[in-house]
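My request is simple: use the sequences and hints to build the entire structure.
Each chain, written out:
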Amino acid sequence: MRMTEPVLSIQGICKRFGALQVSDSVTLDVQPGEIHALIGPNGAGKSTLIQQIAGGLQPDAGRVFLCGRDVTRLNTAARSRLGLARTFQVSALAMEDTVLQNAVLGALGATGHPFQMFGSAMGRSALRSKAEEALRRVGLSDHAHTQTAELSHGQRRQLEIAVALTLDPKVFIMDEPMAGLGTQGSQTMTAFLNTLRSEAPILMVEHDMEAVFALADRISVLVYGQLLATGTVAQIRNNPSVQQAYLGTDT
Amino acid sequence: MSSILLAEQLLNGLQFGIMLFLMAAGLTLVFGVMGLINLAHGSLYMVGAFAAAAVAGATGSFTLALIAALGASALAGALVEIVVIRRLYRTEHLDQVLATFALILIFSEGTRWVFGSFPLYLNIPDTLSGSVTLPGGIRYSLYRLTLIGIGLLIAFGLYALIAHTRLGMQVRAGQSDREMIAALGVDISRLYTLVFALGAALAGLAGALVGAIQSVQVGMGEPVLILAFVVIVIGGIGSIKGAFVGALLVGLTDTLGSLLLPLGLAWFMEPSAAASSGAVLASMSIYILMAAVLMIRPSGLFGVRQ
Amino acid sequence: MSRESIVNVVLMLGMLAVPLWAYSADEPFIITLTTRAAILAIAGVGLNMALGQGGLVSLGHAMFFGLGGYSMGILASHAQTYTPLMTWPVVIEGTSSMPVIWLLALLMSGIAALITGALSLRTSGVYFIMITLAFGQMFYYFAVSWPAYGGDDGLSIYVRNQFPGLNTLDPIQFFAIVYGVLLLALTLAGIIARSPFGLALNAARQSPARVEAVGISPYRLRLAVYVLSGMVTGLAGALFADLNRFVSPSMFSWQTSGEIMVFVILGGVARLCGPVAGAAVFIALEHFLGGLSEYWHVYLGALLLVIVLFARGGLVGLVAGQRHAHD
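Protein chains in written order, with my numbering: chain A, 1 to 251; chain B, 1001 to 1306; chain C, 2001 to 2327.
No lab work stands behind these hints, which were simulated from the structure alone.
In this text, all values refer to a predicted model and were calculated from it rather than measured experimentally.
Using N, Cα and C, we set each Cβ at its ideal position, and we do this for glycine too.
Please note: incorrect hints may appear among the correct ones.
Stated by the list, open to error - A few chain A residues facing chain C, derived, Cβ under 8 Å:
#1 G43
#2 A77
#3 L93
#4 G106
#5 M117
#6 F118
As structure tokens, this is what we get:
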């Protein structure tokens, strides 16, 4: 069935917290150019799975491959350097810094040489133009010199994505990019993510079903740590066990 | 001769470890429940020792001295908690460090002001002086043996208190979820004052008990405090069991290190060099132990993995 | 110029003006007092790099201060007695040249910071505080129990070490050396704060997860700044020993670590010249309060409590106002 080498692939991921099986042999992949949505009720283990993919948590069993390379034993920073760009559910930004400084940090990380102790960070034109370009793309140019703590919830989401853009990633991992955006914001973000898939595929956890159905090429449903189904929007919509386990109770 | 010396040093290490446990238990409780790092815990140790020495000097009774130590340190602890510490629970660790460092300055200089700079002496009570013969022909100080007994009793009592009483339940709840105990309708500020005073009383008791075998002087608390930190790092923050195991490890390593390291080095060094390098190494042995634990388990033997 | 920059310039000019006035008024004691403040400020600038920028609450910086002090003590004592430091595998003689002594101080404190930092940075928060305090104490006991260089009694050096072209025994000339080193240390701290490394380090303090997500290891950033920080404090230790012409284990004591931290916080954490203000105020308090009462530490403690509980941001914060984000 597989037409091309997947950009990201996880195989048989298992994780247990005490008596709780949070990931139960989860296998899924992300193909070039696709948006793959991961959905499931609260407590299904979506965030834990994301953490294992990003490197914040070691799985008990199973492997994570990035562009065919086994990265299971690598830490978060190493996986990021290999092209995995992650956005956080609860914004993890340097709140005391300006918006532009946060974006420059991303550009600095992408160079692979953060230990430059001389010269001004904000004076590096290569870093700065890359950061400004990313801010422009997400629509934050007007706020470049605002302190990050003063941004609205939705603007922080945008900045999360701008930082990810500076990394020139092979794949985006987005944890609830629509959370707290409101209807208008959600629509803008949906349109933007739609253009992003040509740059790099996206694996996203999302509760906003409207956005998921509008964007996703494939959807995976996670319930109690187990993958219930993976398929196209239509397949998932018509899957009786998915309807029962998830869609029926939500909305 | 050598095995008797070894047994005696083992007991000394045990006694030292048990006294460290009394210090570490309070620190680890306060950190576990309130999330506070308290550098002034050593001052409470000193307060206990001074109260005991003053009361023993005035009345001649060691029992009254111990009661005074417990009372004075618990009172000082409660007072400090109410006036200063409770303003620090929600602040950064840096503020806690600085404020409790300020408390050390106030306690130390205040004590010097009242009692002067000369050490006080607290005598071992007559009934506990002298030594006893243990199985195997080991003669050992009755007082130190009593310290081991008291420490073990307290360790057991603490375990029972935390595992089986209402206060203990609240403490355990507080360690896992601070919001929850508020939801349970527990008067948090009273609980915190109580836990802090309990920790202070244990430190004060240790100060008084150790004060009888060392001298009672300003600054006696901080070296013990730092050793108690080493104990907690080894045992894992917030764990009473970890504090107990860590304290015994540190006590035994310190005492046996200074006995065995010079002897061990004497195998391949000349005696005087072995003695001096042995002493240098022994002074570092517990920190090397700490470094080893850090390499293997950064969150301590019984700590929750981060 | 921002208000904080103006405060910084005024502070540094003030630190220069006091000894110049004392020189013209023939008050060598005041010059020595200011020199002492400047040296302690260097130690504070060192700690502030780790504390202010890296968020590393190190209570063990006395270890670097002491290592700097003993680097001076050991080299100078061998020069004093004309005995070589070691004869195998190479002959190393003692020296009374300040630049050479400084190199050793930087080297020793750098190595110590690398080893203790690599271990203690595996943890964070309260663990880090306790571990750095413990490592500091380890060096203290090491110095006490090592008899070769005076042990508990410390080591006296009879003549101040030499600096090419200057008479270091003249208080104002020695002050000039110290002031120059302070300026260098401040410049280094300022350059690093603005650099790409500083940007990443500051971000790692605020949000380590973010820094990892852009492919940078917070551990390495922290270790790097901890080593730099230790080296600057070590250099201050060498100067301090030269000022007193004496080293003793007390340079390694936990009180020393606490006091260095007090300079930083008194002045204002992460403020470039915070440690300068803090050290100057500390020395002034020691001089004036110490003259009033033998127990002046009680008042110092009370003052610190007031600052922690009510005046967060320190002295520079009070004068220069709240900090704002700027690029």
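Against the structure, the hints come out as follows:
Interface restraint check for G43 (chain A): the shortest CB-CB distance to chain C comes to about 22 Å, outside 8 Å, so the restraint is violated. The interface hint given for A77 (chain A) is met, as the beta carbon of that residue sits about 5 Å from the closest beta carbon of chain C, less than 8 Å. Taken as an interface hint, L93 (chain A) checks out: its beta carbon lies about 6 Å from the nearest beta carbon of chain C, inside 8 Å. A least Cβ separation of about 5 Å between G106 (chain A) and chain C falls short of the 8 Å threshold, and the interface hint therefore holds.
Because the smallest distance between the Cβ of M117 (chain A) and any Cβ of chain C comes to about 5 Å, under 8 Å, the interface hint for this residue holds. Nearest Cβ of chain C to the Cβ of F118 (chain A): about 6 Å, under the 8 Å cut. The hint holds.
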